[in-house]
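Q: Listed below are the residues making up each chain.
4 protein chains.
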Amino acid sequence: MTTPAEATEAAHHAGHHGYISDKDRYLARLRRIEGQARGIHRMVEEEKYCIDILTQVSALTSALRGVALGLLDDHMKHCVVDAAQLGGDEAEAKMKEASDAIARLVRS
Amino acid sequence: MTTPAEATEAAHHAGHHGYISDKDRYLARLRRIEGQARGIHRMVEEEKYCIDILTQVSALTSALRGVALGLLDDHMKHCVVDAAQLGGDEAEAKMKEASDAIARLVRS
Amino acid sequence: MTTPAEATEAAHHAGHHGYISDKDRYLARLRRIEGQARGIHRMVEEEKYCIDILTQVSALTSALRGVALGLLDDHMKHCVVDAAQLGGDEAEAKMKEASDAIARLVRS
Amino acid sequence: MTTPAEATEAAHHAGHHGYISDKDRYLARLRRIEGQARGIHRMVEEEKYCIDILTQVSALTSALRGVALGLLDDHMKHCVVDAAQLGGDEAEAKMKEASDAIARLVRS
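Residue numbers (my numbering), protein chains in the order written: chain Z, 207 to 314; chain C, 207 to 314; chain S, 207 to 314; chain L, 207 to 314.
Pulled out of the complex, with its shape left as it was, chain Z reads as follows:
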């Protein structure tokens, strides 16, 4: 599904975006999350008991939080460190961007 050119391009981005080391683990977690979302859809379709649906929604929300915190951690260790080392406006812009993402996450 991936051409060699795309693989090279992906490897380049991986280095830059910095979460390649755990990519397979993220993909597995996200596939589970998709399955959880489908399961909740099915529960409503089949009119399961609300409380049981809510339990699954809470579990899915927790799983998403886990992925978000993992991605943020990777982002801080790689992109943020790299940007900070450049210094100046670039560093400042990256920090603001990360802060804004954290605020959205905390408030979501």
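Keep in mind the hints are simulated off the structure, nothing from the lab. Careful: at least some of the hints might be erroneous.
For chains that are exact copies, the list does not tell them apart, and a pair is met inside one copy or across any two.
Stated by the list, open to error - Below are the PhoX-like pairs computed for lysine-lysine, each with C-alpha atoms no more than 20 Å apart in a straight line:
{"hint": "1", "residue 1": "Lys283", "residue 2": "Lys302"}
{"hint": "2", "residue 1": "Lys229", "residue 2": "Lys254"}
{"hint": "3", "residue 1": "Lys229", "residue 2": "Lys283"}
Based on the hints, put chains C, S and L in the right spot on chain Z.
A: Only chains C, S and L this time, still in chain Z's reference frame:
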């Protein structure tokens, strides 16, 4: 996809579980949520920029919160009112169940 | 500090508002919360390390969540059950009020 | 209340901890937060209506989130940038520390 017997059974449960009035709207929202989950998987697969992925995770978390609060509201208006009217242990058990679900939601 | 008339009035409200059984425990928890808030003020005053301040803010937020979930649980067991038993518009209004409070809590 | 020696020490820490620019604003916000905590204590003492207390708890939680996000933003712009510029283990340790603080905040 639904046999008449299943439809009757579903209608019965709908009356009992109480969120039938909005069922189509919930299903549409949950289908969108599944799409969002697939989109996040794809973004990690394609190694998109972390911050953009985090933005999508926050949006998905908010969408889930909205569904959970809607289900909880329906649950309170129907199951909880019905159980409270029965009184006694049944009412108490339903209230505890709802409180526990709220606590899981708040902490998720 | 409380006149007998106020005490009677308070006892009346206690019965109505329904969380009297644990009142002393709530007051003790809230006194601790006030102390935590004062401690955070002092830490900023003394310019302590941000991460240590954030740890205290998270602890205070958790303590508040605990109080809120306790109050909500009491509210459900008492006011909501009572209102549901009255039925009709009164029951519906109480459920809506409780749902709205839960939504504010989940989103805070 | 502050000796000159303490003031110098504070100024030093201020430079290091990096949130001095807004210190007065943080102190004012935290004083308001202390007042909110005292108000909630008083409401329970006087057995006010649970829902009104819950509304105040949600408002206080939001105010705390705001302070936490502000402190985190300041921390990122100053301590994290400084540490990242040092590079190596120091940078890595700071990033881990910040990530952990964010996780506690998101989960609180």
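Q: All hints, please: hold or fail.
A: So, going through the hints one by one against the coordinates:
1. Lys283 to Lys302: both (16 Å within a copy, 8 Å between copies)
2. Lys229 to Lys254: between (34 Å within a copy, 12 Å between copies)
3. Lys229 to Lys283: within (15 Å within a copy, 28 Å between copies)
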